[in-house]
Structure formats: C-alpha cells, structure tokens
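Protein chains in written order, with our numbering: chain A, 98 to 668; chain B, 6 to 514.
For the record, the hints were derived by calculation from the structure and aren't laboratory data.
This one's a predicted model, so the numbers in the text were calculated from it and none came from an experiment.
Hints are not guaranteed to be accurate.
A few chain B positions that, by computed beta-carbon distances, are all more than 10 angstroms from chain A [to be verified]:
hint	residue
1	P35
2	D134
3	L137
4	F206
5	R232
6	I235
7	P237
Keeping only pairs whose Cα atoms sit at most 25 angstroms apart, straight-line, the calculated SDA-like set for lysine to any residue is [said to hold, decoys possible]:
hint	chain 1	residue 1	chain 2	residue 2
8	A	K323	B	P392
9	B	K304	B	T242
10	B	K365	A	D409
11	B	K334	A	Y421
12	A	K250	A	T297
Think of the CB as a built atom: it goes at the ideal place given N, C-alpha and C, for glycine as much as any other residue.
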Amino acid sequence: MKKTVTKILCVVLSVLMMGGIVSALAACQGSVILVWGPDDHEAIYKEYLAKFAETHKDRLAGYKFGYAGSGDAGAYDAMSVDVKGGAGVYTFANDQTANLRNAGALAVVNGANLEWSIANNSAAAVESTKLSDGRSYAYPLQADNGYYMYYNKSAFRGTDVWDEENDCLKEEYTFRDLYAALQSHGTEKTKYTSEVRIKTGEVDKNGKPIYSEETEKREVEVEWAKGVVSWPMGDSWYGSGVFFAVGGDYNVAYDAKGKQINADAWFGYTLPDGVDDWHKGDFTIGNNAVQCMKNTFVLADGTVSTNYLYTDGNAAPLNDYITYHTDFNDAMHWGKQPLAAVVCGTWKAKELQLAWGDDYAATVLPILENDQGQRFTMKNFAGYKNMGVNPNCAFVVDAPESERLDRLNLLHELAQYLCGPEISIARYKATGAGPANLQALADPEIANDAALLALNAQYDRVCVYPEGYHGYEYEFDVKEVTSQDENGNDVITYEFTRNRVEKNGGDPVGNGKGFRTQDSVPANYWTPIQNFGNTLYNELTGKTSLTNFANNTSIMQYLKQLQGDIQNSAQ
Amino acid sequence: MRQISTLEYLSMSKARRAWFKFSSFILNIPRAIGRWFRNLPHKFGAFFGKIGGWFAGLFDALRYGNWKTRMSALILGFGCFAYHQIGRGLLYLLYEIIFVLFMVFFGAKYIAKLGTLGDVAQVRDPDTDLVLIEGDNSFSILLYSMLTIAVIVFTLIIWVKSIKDAYNNQLGYSIAQRAASAKDDVGQLLNHKFHLTILAFPSLTLVVFTIVPLMFMILVAFTNYNRNTIPPANLFTWVGFDNFAAVLTGQAKGLSGAQDASRWSYTFWRILGWTMEWAVLATFTNLFLGMIVALIINKKSIKLKKFWRTCLVTVVAVPQFVSLLLVSKMLNNAGIFNSILFSLGLPTVDWLHESASLAKFMIVVVNLWVGVPHTVLTCTGILMNIPDDLYEAAKIDGANPVKMFSKITLPYMMFVLGPSLITTFVGNINNFNLIFLLTGGSTGIADSRLATQAGDLDLLITWLYKLTVNGQQYDVASVIGILIFIVVAFFSLIVYSRIGSVKNEEDFQ
Numbered sequence: 098m099k100k101t102v103t104k105i106l107c108v109v110l111s112v113l114m115m116g117g118i119v120s121a122l123a124a125c126q127g128s129v130i131l132v133w134g135p136d137d138h139e140a141i142y143k144e145y146l147a148k149f150a151e152t153h154k155d156r157l158a159g160y161k162f163g164y165a166g167s168g169d170a171g172a173y174d175a176m177s178v179d180v181k182g183g184a185g186v187y188t189f190a191n192d193q194t195a196n197l198r199n200a201g202a203l204a205v206v207n208g209a210n211l212e213w214s215i216a217n218n219s220a221a222a223v224e225s226t227k228l229s230d231g232r233s234y235a236y237p238l239q240a241d242n243g244y245y246m247y248y249n250k251s252a253f254r255g256t257d258v259w260d261e262e263n264d265c266l267k268e269e270y271t272f273r274d275l276y277a278a279l280q281s282h283g284t285e286k287t288k289y290t291s292e293v294r295i296k297t298g299e300v301d302k303n304g305k306p307i308y309s310e311e312t313e314k315r316e317v318e319v320e321w322a323k324g325v326v327s328w329p330m331g332d333s334w335y336g337s338g339v340f341f342a343v344g345g346d347y348n349v350a351y352d353a354k355g356k357q358i359n360a361d362a363w364f365g366y367t368l369p370d371g372v373d374d375w376h377k378g379d380f381t382i383g384n385n386a387v388q389c390m391k392n393t394f395v396l397a398d399g400t401v402s403t404n405y406l407y408t409d410g411n412a413a414p415l416n417d418y419i420t421y422h423t424d425f426n427d428a429m430h431w432g433k434q435p436l437a438a439v440v441c442g443t444w445k446a447k448e449l450q451l452a453w454g455d456d457y458a459a460t461v462l463p464i465l466e467n468d469q470g471q472r473f474t475m476k477n478f479a480g481y482k483n484m485g486v487n488p489n490c491a492f493v494v495d496a497p498e499s500e501r502l503d504r505l506n507l508l509h510e511l512a513q514y515l516c517g518p519e520i521s522i523a524r525y526k527a528t529g530a531g532p533a534n535l536q537a538l539a540d541p542e543i544a545n546d547a548a549l550l551a552l553n554a555q556y557d558r559v560c561v562y563p564e565g566y567h568g569y570e571y572e573f574d575v576k577e578v579t580s581q582d583e584n585g586n587d588v589i590t591y592e593f594t595r596n597r598v599e600k601n602g603g604d605p606v607g608n609g610k611g612f613r614t615q616d617s618v619p620a621n622y623w624t625p626i627q628n629f630g631n632t633l634y635n636e637l638t639g640k641t642s643l644t645n646f647a648n649n650t651s652i653m654q655y656l657k658q659l660q661g662d663i664q665n666s667a668q
Numbered sequence: 006m007r008q009i010s011t012l013e014y015l016s017m018s019k020a021r022r023a024w025f026k027f028s029s030f031i032l033n034i035p036r037a038i039g040r041w042f043r044n045l046p047h048k049f050g051a052f053f054g055k056i057g058g059w060f061a062g063l064f065d066a067l068r069y070g071n072w073k074t075r076m077s078a079l080i081l082g083f084g085c086f087a088y089h090q091i092g093r094g095l096l097y098l099l100y101e102i103i104f105v106l107f108m109v110f111f112g113a114k115y116i117a118k119l120g121t122l123g124d125v126a127q128v129r130d131p132d133t134d135l136v137l138i139e140g141d142n143s144f145s146i147l148l149y150s151m152l153t154i155a156v157i158v159f160t161l162i163i164w165v166k167s168i169k170d171a172y173n174n175q176l177g178y179s180i181a182q183r184a185a186s187a188k189d190d191v192g193q194l195l196n197h198k199f200h201l202t203i204l205a206f207p208s209l210t211l212v213v214f215t216i217v218p219l220m221f222m223i224l225v226a227f228t229n230y231n232r233n234t235i236p237p238a239n240l241f242t243w244v245g246f247d248n249f250a251a252v253l254t255g256q257a258k259g260l261s262g263a264q265d266a267s268r269w270s271y272t273f274w275r276i277l278g279w280t281m282e283w284a285v286l287a288t289f290t291n292l293f294l295g296m297i298v299a300l301i302i303n304k305k306s307i308k309l310k311k312f313w314r315t316c317l318v319t320v321v322a323v324p325q326f327v328s329l330l331l332v333s334k335m336l337n338n339a340g341i342f343n344s345i346l347f348s349l350g351l352p353t354v355d356w357l358h359e360s361a362s363l364a365k366f367m368i369v370v371v372n373l374w375v376g377v378p379h380t381v382l383t384c385t386g387i388l389m390n391i392p393d394d395l396y397e398a399a400k401i402d403g404a405n406p407v408k409m410f411s412k413i414t415l416p417y418m419m420f421v422l423g424p425s426l427i428t429t430f431v432g433n434i435n436n437f438n439l440i441f442l443l444t445g446g447s448t449g450i451a452d453s454r455l456a457t458q459a460g461d462l463d464l465l466i467t468w469l470y471k472l473t474v475n476g477q478q479y480d481v482a483s484v485i486g487i488l489i490f491i492v493v494a495f496f497s498l499i500v501y502s503r504i505g506s507v508k509n510e511e512d513f514q
C-alpha cells in the first residue's frame, strides 16, 4: 500500500512540476505596454507615462505602461527577435528606420498624424522620419544626432588659430593647426577655472560615483602642450565625414517594397557606365580620403602627432580624459593628458561643460587637407532620434479585430505626447538632448545652447545632397583617349567627369540646407567604412602587418575592396 | 599502413618506436573513418530492422485480424470496446478525437504551408492605411509544423499500438475469453510498467522543449531566415544547401545575407583554423603545466603541500567569469599592468589590442591561470593513487627518475587523463567565456576580408553568438552550429575510439 502511495505521489509531483512550468510561462505574458527609450531618460518618461495613463484610463483596457532602457541599436536587436513582445512605442536613431520597418516594427504616420508631425516639428526632422517610399514612419523626437567640435578655450587662446575679436576658434582651422597651437604652449602651464560637481561619496548601481547637483569652481592647472584632440576616426559614423568632404557619395535604389536592390558607392573611385575595368577608374576621391584622414593625425613631417587621441567611438577612453578635469583624486590619472578638443555630439555636452567650466565652447568641424594642400570642408551625417509606433505589438495584435484601430491610434497619441514640448524641455534640462519640437526649440535656454548652436552651424555648412528620390542622380561624361606606351602600342584610357544632375526639380530636403541623413545608407555601409578608419590608423602607427596603405597599388586595391563591399551588399 | 611483427617492432630504436606509434595513430584515422562509414549500412540496417519488426507486427495484425481488429485502424479503441475493455477503449477514442481536432484547428494549416513556409505577406489595411492585415508567419509555420510532426509521429505509435492491442485481444479472447481490464492496466502502469508512467511527462517536456526546437534550428540552416526576412512582416523560404555552400566553399548565389559568399567561407576557415589552434594550445599547455606543478607539489621534499593545493583551489573557487572580467580590466590599456610599467618609466603595452599574435599569447597565458589548477587537482589525485611499491621495485631494479616517470607515472596519468582530455579539448573548442569575456573576440584591428560580426580572435562559438545576437544572420549561424557539432563529434569519436583507456579498459588496476 505504502509503495503504491509513493508511486502515485511521484506521478502527481511530476505532473505538478509540468503544470508549474506551463503556468510560469503563462505568467510571463502580462498585460503591459512597453515603452523603450534611453536609460538616462527613465525618470522623465516614467513621470509623463503616468500622466498619460491617468488621462486615458478608459482606453487602456487594463493594460499598464512599463519602461525599459534600450541603446541606439537595442531597439532593432530586440524587435528583430520578437516584434510582438516588443515595445508599443519606442525611440530609435533614424538610421534604423529601414531596418525596423522591414522587421514590421514601424507603423506608418499618415493623415492627421502626419499633419501633427509637420505642424509641430522642424521640417528637416520630419524628413528624417521618411523612407525611400516617401512615407513617414515615426515622429521626430530629437534633432541632435550629429557631431561637431568641442574645445577648451584656454587651450587655444592666444595661439595662431584664435580669433581674438570673437574670443573663439577661427572659423577655418585644421587638425594640424590645433596640434601646432597646443605645441606652441611649450612647457608653460595654463590655469583655467573648472566647475566641478561635488561627489556625494555614494555610488550608483553601476559603481559610478554619484555627484550632487551643487558645483564648486576649482582652478585647474594644465600643461596644454600635452593636451589631446580626439576624433573617433575608428568609427564609421564619424569616418564618413571625411568621405563626404572629398566628394564621396553613394546612391541606393529600392524596390517597391522598400528593400535595397542596388547600391552604388563613389568612395574609392569613379567609373562610368560601360567601363568594367576598375584599374581605369578615377581614384581622386579615394586618394583624397586616404590623405585627408591621414593628415588628421599625422604631421607634415610624417610623424604621428602626440596630441592626437584615437578612439573607435567607444566612450570609455574619452571618459577617462574628461574625468581628468573633474576628478583630481582619481588614482587612474597616471600619465593622462588634458583634453583640449573633441569631436562628439550633444550627449557629452553636460559633462564637458562641467569639466571645462567657463572655457567650454563648441564650434563646427575642422577643415581637411590633402597632401597637396587642397582643402575640404568636413561634413557629417545629420542624425535624428525618432519615436516609432509598433503595429505588431501585443497590445494591438491581441485585441479583437474591431478594436485594433483604436488601440493603434492610442499608441500614436502616446507617441505624439512623448514628443511634445513639455517633455522635450524636460529632456533637454536633464541631459542636454536637443528637441525637434518647434515650441521647445523656441525656449530661450535651448535657443542659446552652445552645443546646439554649433550643431546647427555644422548642419548649415554641410551640403552633401541626399540621393535618388531626394532629387539628384549622377551622369558621366566619358572621353576615350588613345595614347602610346613606351613600346609604341596604343593604350586606351578614359577621361571622364561626374556630374550631379537634378531630378524631380532637384529640390533639396527640408529646411533647404540639404544634408545627408543616415536612413538610407547601403545595407553593408558601416563595416567597410569602420575598417577603413581602423586599418589606416593601425597601419600608420605600426599596429598591424596588413599592407593596405603601403603603396599606391595596395591603396588602389583597398579602395576597390571598400567600394565593392558597399556595392555588393544590396542583392 | 604496413603491418609489422612484434619482433620487428622491438628491434627498432626508441625514437623509431615512438615515431612508429605516432604515425600509425595518425595513419589509422582515415582507416577508422572508412570503417565507420563501411559499418554505416549495418547500423542503418539494424535501426530500420527494429522499426520494420515493429511494423511487421502491424502487418500481421491487419492480415490475420478479424473485422473488429481491422476496424481499430479507423476507429481507435474499437478492438478494445469489442472485447469489453471500456476504459482503454475510451482513452484511445478520446486521443483520436483530440488528434483530429488538433489537426483541423491547428496542425493542418501549418503543415500545409511547410513546403513554402508561407506565401501571403503581411499588408496594411487599404481603408485606414494603418491597421495591419495578418499574413503568413514563416517562423510559426516552421515551428508549429515541427510540433505537429512530433504529434503525428506520436499518433502513429498510438495507432499501431491500438491495432496490436485489438489483435492481442482477439488472440487472448479466443483462449481465455477475457481481455485485460482497466484495473489490470492501472496495476501494470504502477508495477511492471512504472517506468512508462514516471517517464511520460519528462519525455513530453523533452520533445516540446528540446527536440522540436532542435529540429527547428537545424532546419533554419536550409532557409534564408536572416535580418532581411524577419517575420511577421516578411516571409522566409527554403534555400536548400546554399548556406552550406557559401560557408564552406564561398560559391553560393542564393544567400541573401549582407555580403558576398566568398567572405563567409574566408571567415569560416580562418576562424576554424584559430579555433583548432586554440583548442590544441589551450589543452596541452594546461595539461603539461598542470602535470608539472602537480608533480612538484607531490614531491616528498616539498613542505606545506596542503597550503599549495589550497592556493590553487582558491582560483577554482572564484567563478571563472569574475576572474576573466577582472583580468581583462587588468590587461586594459589603463589597467594595473600598464600602470606598473608606466610608474617604472617603461613603455606600456596594449596587451589585448596591440596585435593578434600578442593577444593570442595573452589568452593562452590567462587560460593557464584559469585552467591549470583544475589539471593539478586531477593529477594530484592520480599521483596519490599510484602504489609506492611500484616505485620501490623500480628503484631496486636501478631505474632512474626519468625512467620511473616515463614508465610508471606518465602511463598511469595518461590512462586516467585520456578521456578527460577529450572533454577539455571539446570544451576549449567551445570556450566562449574565455574568448568573449577577455577580448570580445577581437583585437579591434580591422581586417576587411572578414565577414561582418567576425573578429580576429573569435572562435566559432563566439562568432555564432555574434551572428545571432548582433547580426540576426540566423541562417548562417545555424550552419555554423551544425558544423561545430560535426567538428566536435569528429574529434571526440576519433580520439575516444583510439585511446588506451577505452581499448584496454581491463588493464587499469
């Protein structure tokens, strides 16, 4: 009897265990509408989500909001795995628009929603939400995803690059000018006043010290001859600036579904239609890019500047340099150099302002120079952060068919609310994020922000026109030239010019400035460009045994490869 | 391979004997593979023979059974009802009803589209231009088809079982005029067939949570499921062996990934090369150094033996990933080593990013630190088990320490360590922690020939991780997964079938 009871108990237990697993799985499927945004905006979003939930109680149908932090690429990584379990409303960088749309995670913004978007946001920002089909897929959130130059005034004051009249850097300057200016300080030590936030002595969950809101002014003494200028040439987003400056360009063709079917790049060389032999291409653009990029950290005598700080876009090394100015007791400061200037975006504005105090300033990107002294204006991507609505999220898809439209509309309303003026100003005050909302932009504090002014000046300067549907395409004038080599044989070469031809009236985008947005890069764009910057730096500083930049032939080979990598992607 | 007599062997010099052993081991590998393949038909034969035998019973039942038995093929449990086995009959019937409902409302719609993995894409409702109209979901089709197939296989078993039951009833009834009652059945399930009762639920979970997902993931290797075809907004479909061709030969056209196929194959072979290089290096450096340290600690003249062992155990006691993250910080550009170098006025070294060969060297060194204590512990156990009289006898016979080591200690150790070497080797092929936590799989020195997501320090397993988590290249990742399995299975089988501990199991005392 006892044995039988034991046996039955065994069976019951194993059934219970199964039941436990099943019910635990079921419990995971809670009724939560997820909202994804940056980690450091969590408190703001939670506050405004609570307000929205309060006013729309009846339509939320028992659902409640949940917030989760996601990085720039985080949204796509998660959506590509499970779009139904993903956020209902979420922020993302506009270069992810096409990916997210392909993953089914972006609802079209049309009709009244699009009218709201156009009426309340800067035109260029609205343009950044559009894809090649001309339709808008998101709401503009932040118009600040670009880069420009931050610098410490005391590092350059009184040197050759200084504009005495306006107390700022001269409008045209090169990286080499900055290095020379730093070197001109010699062994002299400069004092400037830094505004330092006081440590509370506590640390947050990541182990970083927590600072109180109060600041105190401290006099910092630095040897600017050892100061560093940093630009992340190892990161494709920044490295692209060099290609755009020297005339590099790309063109992407889409099919009716918005998938890339063809990509053309003019980053290595240009080749007219009908000529297949890449040896006969015109390598001016590629060679200029190589020379200009090289000259951002190599001095005229061929040595690598001691004032250049290389990063691959990873913020960690840069953070160490910033804390040099704020955290003098930090044991990690052995051998660190002061930070004189850095190419970066708004997300470092607050930190740099504290580090540099009154001498904090920002301006447009430097001028690039090739080996012959030809000068090019460095250009950047105009990037935006946008707010998307996920039409495949559980809140919408799990609803009965008749209610889906209402629920989707509710999410659109939420997205509009989260892009509104009130929350935009709150975001700016907390993190320095530059809003896209027109009302928020009119706020006096935002309108006079040094970093945002520099960013806008940089956007003004940039004149890379967007491709294809935006109004331009390329045509070639080809001329066949017959010459004779040393043996007297005929050699045919091609001379050609590349012309940009207006299409659809050639209307430039948005606010009339016309700049390259990130949304439409070729599918395999970032990695080849990243490799370009990385490889060039590593080779010239002797860190690799690759020989991509050893001589003219290998440079040509490498440029061909670079271009091929980008073009092969769309298939 | 030339066969030689014992006499011939003994007449060789020592070096030649060692060479002979080594070369015969290597040369026997192809032969072993050949043998394995030659045996394959027999293995298949045996396997299908069993299945066939099972179905033969079914054939008999249908051929010699009466109409009641044959009716059971259509209505499950009919044969049970006919012989007054109401309980069992009801269960069969209930199962049949559930199965039919399952197929009609769930299984059929997925199985029907398994051939194409769906052909209706998701679109927006043309009226509102907002709401989506659901289309086919390739992912669900593939996954639920697998589930349905599992259910169908199970149903097939039940079906055969029911017919055989009916036939048995028919035979039994004609003899004893009574079939087993429901009470008998329950009694059986609690006694003779208790293993079935207790294993039923674990088997179910095994099928649902392991076998079905595994089949799913294997089949993904034959589709174009990647970042361009993510459901439910897109459909993916079958591409046959294109993914394998791209990864192995670089010759496939159909691959819709973000790069040309030749790059996949370049990356695969290069990473495979480093993976094997790493696995051999890591395994043998650990083995030899561990052995040496164990021997040193075990020497009679060494004092504080327990203390030294405790020191080594401490390393094992700290979770590996904690040590690794810590070491990666220490080897950082601004880490403790560079800090010391700097304060001594020496040039600093970027240990893990300076060059691939330096980084690889550092990885092996760090692996020594993490892995040697394990080897030492195992070796110590073996060393303490070697009977002292063997050494005493050897000493009396005039053997020197080197002789004693090579004739007593080493054979003893290798006999025990042999099988564990395989696990270590396989573990190192898949040593995700060390490579990923220490280096992230890359020195950061770009190589334009590598496929996206791959780094110069990646092992196959870390590349696989990056392909799925960061690259959404599920098709290629699945191929890599299958290839890793093949590599690991190959080495395990070869070595396992040829080492002494398996061949001469009885020798060990």
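Quick rundown of the hints versus the structure:
1. P35: 36 angstroms, holds
2. D134: 6 angstroms, violated
3. L137: Check fails; 5 angstroms does not lie beyond 10 angstroms.
4. F206: 5 angstroms, violated
5. R232: 6 angstroms, violated
6. I235: The assertion about I235 of chain B is violated, with a minimum of 5 angstroms to chain A.
7. P237: About 6 angstroms separates P237 of chain B from the closest Cβ of chain A, which leaves it inside 10 angstroms; violated.
8. A:K323 x B:P392: 68 angstroms, violated
9. B:K304 x B:T242: Status violated; Cα separation ~65 angstroms.
10. B:K365 x A:D409: 21 angstroms, holds
11. B:K334 x A:Y421: Cα-Cα ~19 angstroms, so holds.
12. A:K250 x A:T297: 29 angstroms, violated
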